[in-house]
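2 protein chains.
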Amino acid sequence: MNGKIVIGILGSGTVGSGVVEVLRENMGDIVQRIGRDISIKTVLVRDLSKKRSNLDGIKLTDKAEDILNDPEINIVVELMGGLNPALDYMLAAMEQGKHVITANKDVVAQFGEKLFATAEKHHVEFKFEASVGGGIPIITPLKQCLTANKISLIMGIVNGTTNYMLTKMAENGSDYDEVLKEAQAKGYAEANPAADVEGLDAARKAAILGSIAFNTRVKLEDVSVEGITGIKAADIAYATELGYVIKLLAVAKDYGDQGVNVRVHPVFLPSSHPLATVKDVFNAIFLRGNAIGDAMFYGQGAGSLPTASAVVADIIAVARDMVIGNTAVTGCTCYNDRPKCPLNATESSYYIRLLVDDEPGVLGAIATAFGDSDVSLKSVIQTRMVKEYAEIVAVTHVVKHEKLEKAKALLQNLPVVSKICNIIRVEEE
Amino acid sequence: MNGKIVIGILGSGTVGSGVVEVLRENMGDIVQRIGRDISIKTVLVRDLSKKRSNLDGIKLTDKAEDILNDPEINIVVELMGGLNPALDYMLAAMEQGKHVITANKDVVAQFGEKLFATAEKHHVEFKFEASVGGGIPIITPLKQCLTANKISLIMGIVNGTTNYMLTKMAENGSDYDEVLKEAQAKGYAEANPAADVEGLDAARKAAILGSIAFNTRVKLEDVSVEGITGIKAADIAYATELGYVIKLLAVAKDYGDQGVNVRVHPVFLPSSHPLATVKDVFNAIFLRGNAIGDAMFYGQGAGSLPTASAVVADIIAVARDMVIGNTAVTGCTCYNDRPKCPLNATESSYYIRLLVDDEPGVLGAIATAFGDSDVSLKSVIQTRMVKEYAEIVAVTHVVKHEKLEKAKALLQNLPVVSKICNIIRVEEE
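Heads up: the sequence lines are chains A and B, in that order. Counting from 1, position 6 in the first sequence corresponds to residue 5 in numbering that gives the first Met the number 0; the numbering is continuous, with no gaps. Counting from 1, position 28 in the second sequence corresponds to residue 27 in numbering that gives the first Met the number 0; the numbering is continuous, with no gaps.
Just so you know, not all the hints are guaranteed correct.
Chain copies aren't distinguished; within one or between two, either way the pair holds.
Subject to a maximum C-alpha distance of 27 Å in a straight line, what follows is the list of computed DSSO-like cross-link-like pairs (lysine-lysine) [what the hints assert, rightly or not]:
{"id": "1", "residue 1": "K339", "residue 2": "K407"}
{"id": "2", "residue 1": "K231", "residue 2": "K405"}
{"id": "3", "residue 1": "K252", "residue 2": "K278"}
{"id": "4", "residue 1": "K231", "residue 2": "K49"}
{"id": "5", "residue 1": "K50", "residue 2": "K185"}
{"id": "6", "residue 1": "K402", "residue 2": "K113"}
{"id": "7", "residue 1": "K149", "residue 2": "K3"}
{"id": "8", "residue 1": "K40", "residue 2": "K149"}
{"id": "9", "residue 1": "K399", "residue 2": "K149"}
{"id": "10", "residue 1": "K58", "residue 2": "K3"}
{"id": "11", "residue 1": "K339", "residue 2": "K113"}
{"id": "12", "residue 1": "K218", "residue 2": "K50"}
{"id": "13", "residue 1": "K402", "residue 2": "K231"}
{"id": "14", "residue 1": "K113", "residue 2": "K399"}
{"id": "15", "residue 1": "K113", "residue 2": "K62"}
Keep in mind that the hints were calculated from the coordinates and are not lab data.
Hey, can you work out the whole structure from these sequences and the hints?
Now the structure itself:
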């Protein structure tokens with residue numbers, strides 16, 4: 000094509016402002032990299048009366064149609080977040096022949112298939128690098144750089160809020176409520192932190208990563224989710240003592256004929272694992288392929304400029320294709336229809352912390368409950384008294400999740416067991 | 000294009016065999032990802048009489064012309080290594096209208112410009128992801144995923160041999176000669192280890208990374224190189240004591256108007272730095288961009304299958320373009336002509352280990368030498384006796400390299416200084 004490359008941006012929040020800043024700051028290099036001028040024409044804002052000195056020289060509107068129906072705009076960047084009207088706007092932009100770029104994990108996780116189909120129908124590109132891992136390149140590497148591999152495993156620290164909280168709990172021995180308040184004060188956690196701490200944000204990213212890694216559609220409802228709300232200072236302390244760190248992971252694992260399993264939950268990671276050193280709000284995606292072996296991608300998983308780094312890279316990729324006259328190399332890559340392996344069929348070691356009556360025979364009763372469930376134990380330590388109860392920490396050998404669930408049910412029914420405080424998966428090296 | 004995608008491979012060593020294995024093992028997925036069949040027709044071998052059961056069904060030849068002049072072959076993969084005849088074969092293939100993929104860092108570092116120009120002239124693609132970092136995707140991420148950034152710094156552990164040796168020295172307290180023998184026994188170091196331990200392998204990768212990161216041609220002769228042959232067990236022990244690990248780094252840094260500096264040398268890295276946990280033969284490339292902030296790419300930097308992962312990804316990328324009818328998105332990206340910042344103008348903290356006479360006034364004389372060079376010291380520790388000499392370890396504040404060189408010259412001329420054992424840069428957080 001010969002015309003100009005003109006961008007319309009839907010949304011002027013943190014990421015929208017970052018995209019404008021990065022494009023302006025690095026415009027000289029970006030024009031060199033594209034081979035043609037590029038400009039932002041219009042930004043959709045919620046409140047036209049608000050002063051926005053950072054958007055000087057750009058047309059502001061509160062009507063999406065001013066972008067969606069503007070024939071001069073050929074790239075629409077959706078940075079509003081949420082499902083609607085973001086989805087409708089993206090579909091409308093595609094129907095108008097505009098390329099679409101988004102950072103919106105919610106929409107991609109739930110409507111990726113529809114967006115790809117619409118993009119293909121209207122011969123436009125659809126890109127979403129920023130939807131997982133913020134600035135970290137992971138979508139393009141998976142779709143273009145790791146194509147020689149069968150991916151068998153992805154384990155990602157993909158939520159900065161919870162990683163910050165777990166890091167602070169480990170560094171300071173603080174309890175959950177305390178670090179949550181601290182994270183909220185620093186702006187790392189929202190007033191309503193549910194989406195982060197309950198693992199839903201990570202689940203959306205897990206669905207996206209799983210879909211791409213295994214070339215099969217993984218829907219949000221396919222992802223089993225457990226957050227960090229149950230993690231206590233005691234769990235962190237035992238993890239440290241045993242040589243582990245606790246991380247909230249998005250896991251996508253291939254179980255062969257049984258299918259693929261995608262889940263989010265806390266994990267005891269050996270402190271020597273590459274992911275164990277990923278601290279604070281940093282994210283990292285670790286993966287295993289049958290050619291590359293183990294690899295990891297590390298960086299800032301959120302924030303205005305890092306997220307804009309991914310969005311603007313997508314803009315540049317689309318613009319380069321426009322200049323050269325190329326078609327998108329990769330559209331939807333879900334060419335398989337793999338079964339979903341149920342959580343019960345997955346395997347792991349488990350850490351279990353219990354409060355039990357402090358009397359003879361208790362350990363025997365517990366050991367019997369594990370034995371009756373066919374769960375063999377690697378270690379059992381009775382560590383301290385919590386009020387009148389003895390605290391017991393057990394670590395199992397690798398067992399199927401369903402056996403662990405059976406053991407849990409038996410333990411819960413034992414009169415000597417006061418409480419099962421926590422059960423957390425343990426990743427062995 | 001409508002025809003078949005047919006590969007010819009120059010070289011049947013470790014990487015060549017890996018490429019055949021990966022293509023065969025994952026062919027089902029690879030064909031899905033390309034959208035068309037792909038096959039290996041011919042492999043150039045050195046000795047036709049050698050049995051190669053892993054190449055069954057592939058035509059073997061000892062004449063490069065059988066590949067370069069075969070009109071059916073449209074992708075030539077160069078995996079011979081060395082400058083010649085690899086370079087000539089690649090140029091000849093391009094002149095015949097064939098796309099070229101290589102893992103050859105020597106040729107890319109020295110003749111990248113010529114290869115790109117020839118590829119452009121003949122409208123073919125030229126790719127070399129495997130030339131740096133083995134399986135780790137870094138060339139494509141730099142050229143396509145980090146394009147929104149001005150990169151200011153790259154620090155890479157890009158040589159597995161030396162990283163293995165430094166890891167073992169730190170873990171076991173062994174001395175250099177001992178771990179070199181161990182590395183040779185394990186096949187991690189060659190009989191003549193010079194290219195690895197003297198930093199030349201890393202220097203070639205540094206030149207490639209610097210050229211791409213700063214969009215300016217960095218030649219091998221622009222890279223200042225210092226290897227690990229001078230690292231003693233004592234240096235490792237002091238590093239550990241001070242909270243650092245020693246790593247051999249390829250560094251490419253932007254000094255603004257002074258230009259860019261690309262170098263290879265050992266560095267004291269804080270043990271909390273993401274690169275510090277990269278052990279054994281693993282590689283990692285850490286970088287800093289003005290949008291993304293800090294990021295790191297980690298994985299296996301060598302070996303048959305990991306390197307093949309990168310080569311086959313390049314094959315798939317070229318094949319996809321052929322199927323769609325796309326042109327290469329990125330050719331040569333050296334659109335700038337940046338000056339080269341001399342080593343003397345770079346800045347760092349430095350660790351200095353000296354043997355001095357054990358007598359009054361020595362510390363004062365040493366402090367004066369540093370003072371006269373305008374080098375201020377952060378700490379000086381006199382630690383132990385080595386035979387009749389006292390060992391002194393000094394760490395400087397950040398100073399220009401030329402001042403450090405002046406201090407070194409003054410120290411060398413001090414009668415009380417018996418020996419400057421080592422000077423190593425210290426990376427502060």
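Against the structure, the hints:
no.: 1; hint: K339 x K407; verdict: within (24 Å within a copy, 65 Å between copies)
no.: 2; hint: K231 x K405; verdict: within (24 Å within a copy, 56 Å between copies)
no.: 3; hint: K252 x K278; verdict: both (24 Å within a copy, 25 Å between copies)
no.: 4; hint: K231 x K49; verdict: neither (43 Å within a copy, 63 Å between copies)
no.: 5; hint: K50 x K185; verdict: within (25 Å within a copy, 65 Å between copies)
no.: 6; hint: K402 x K113; verdict: neither (39 Å within a copy, 63 Å between copies)
no.: 7; hint: K149 x K3; verdict: between (40 Å within a copy, 24 Å between copies)
no.: 8; hint: K40 x K149; verdict: between (42 Å within a copy, 23 Å between copies)
no.: 9; hint: K399 x K149; verdict: within (24 Å within a copy, 48 Å between copies)
no.: 10; hint: K58 x K3; verdict: within (17 Å within a copy, 50 Å between copies)
no.: 11; hint: K339 x K113; verdict: within (21 Å within a copy, 50 Å between copies)
no.: 12; hint: K218 x K50; verdict: neither (40 Å within a copy, 49 Å between copies)
no.: 13; hint: K402 x K231; verdict: within (25 Å within a copy, 52 Å between copies)
no.: 14; hint: K113 x K399; verdict: neither (36 Å within a copy, 57 Å between copies)
no.: 15; hint: K113 x K62; verdict: within (24 Å within a copy, 51 Å between copies)
Checked against the numbered hints given earlier, the structure breaks hints 4, 6, 12 and 14 and satisfies all the rest.
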